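Participant: Sequence:
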Amino acid sequence: MPVIFIDEYGTPKANNPQWNPKDFFALVAVFFQEDDYNVAEKDFLRLKRTHFYSERVVSHDQKMRKARHPFYGFRDPSRMSRFYLDFASLAQKWTYSVVLVIIDKVLTYGNVSSNPYRPALQFLLERFDMTLSLSGTIDVIIESRGEDFDSQLRCVFAPQNSRHNCRMPSAIGYALRGNYLPFFFKKDDLVAGLEIADLLLASAWRIEYNQNLSQFESKRIGRGLTPPSGSAGASALQPASVEPFDNVIYANAVYPKYLRGPGGTSYGLKLFP
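In this text, residue positions in the sequence shown follow my numbering: the first is 49, and each later residue adds one.
No lab work stands behind these hints: they were computed from the structure. Note that the structure is predicted; figures quoted are calculated from it, not measured.
DSSO-like mimics (lysine-lysine), calculated; alpha carbons at most 27 Å apart, straight line:
hint	residue 1	residue 2
1	96	111
2	70	267
3	318	61
4	234	61
5	111	61
6	70	114
Starting from the given sequences, assemble the full structure and let the hints guide the process.
Facilitator: This is the structure we're talking about:
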């Protein structure tokens, strides 16, 4: 049975333009066939035993980058880099597909949805469903954000004619063929697929955001937004901080894994608007 792991960067809440990464929301989906996931899970647990001496540690990217408890040892940059590079080496060998969505909340909030997580999630499901011609049952594993927030996402999975369905009309008139079943877990539930998605997303959004700064900025200016003063001659948008290992993960474990159609066309990245 196929399984899709979903993770997000940032908060769906709107904010006044800050012209930095906090203005953006990113969502990643990592698609595995069951046998392929079993291989990745086994390797990943071994990676955690090697670096953390336990499988019961949640490899939370934000905590690791900031060397917060329990990752105080990552105050040694070489120790941190070694973990991420080992992860990239393992992930390069796994079989999976990635789709990444990056949303400029300043431009799309209110135009796309009051919660950009929902349309991003709907887009991810449509892209996998259409590109891979999925049918039957597909499990979708999502990090829980509490009952109220989870219920806002659950309706995306309701049957098309159900009164509980909240999917927006597809921009391309597409109707899902697969039967997508959502499961919501906390990070402490130690679902390896969610941790893998978290690590892939952490590098992917940084690289893609930085590579598309000029595109994001020109769209803002086209919508009448004025860049902050003092930004003439340079991008008004502040770039995301990138570590050397982010480039390695992106080059080996993200970009080559972007979802591709039968002709090899990449469908792995979507920028909103």
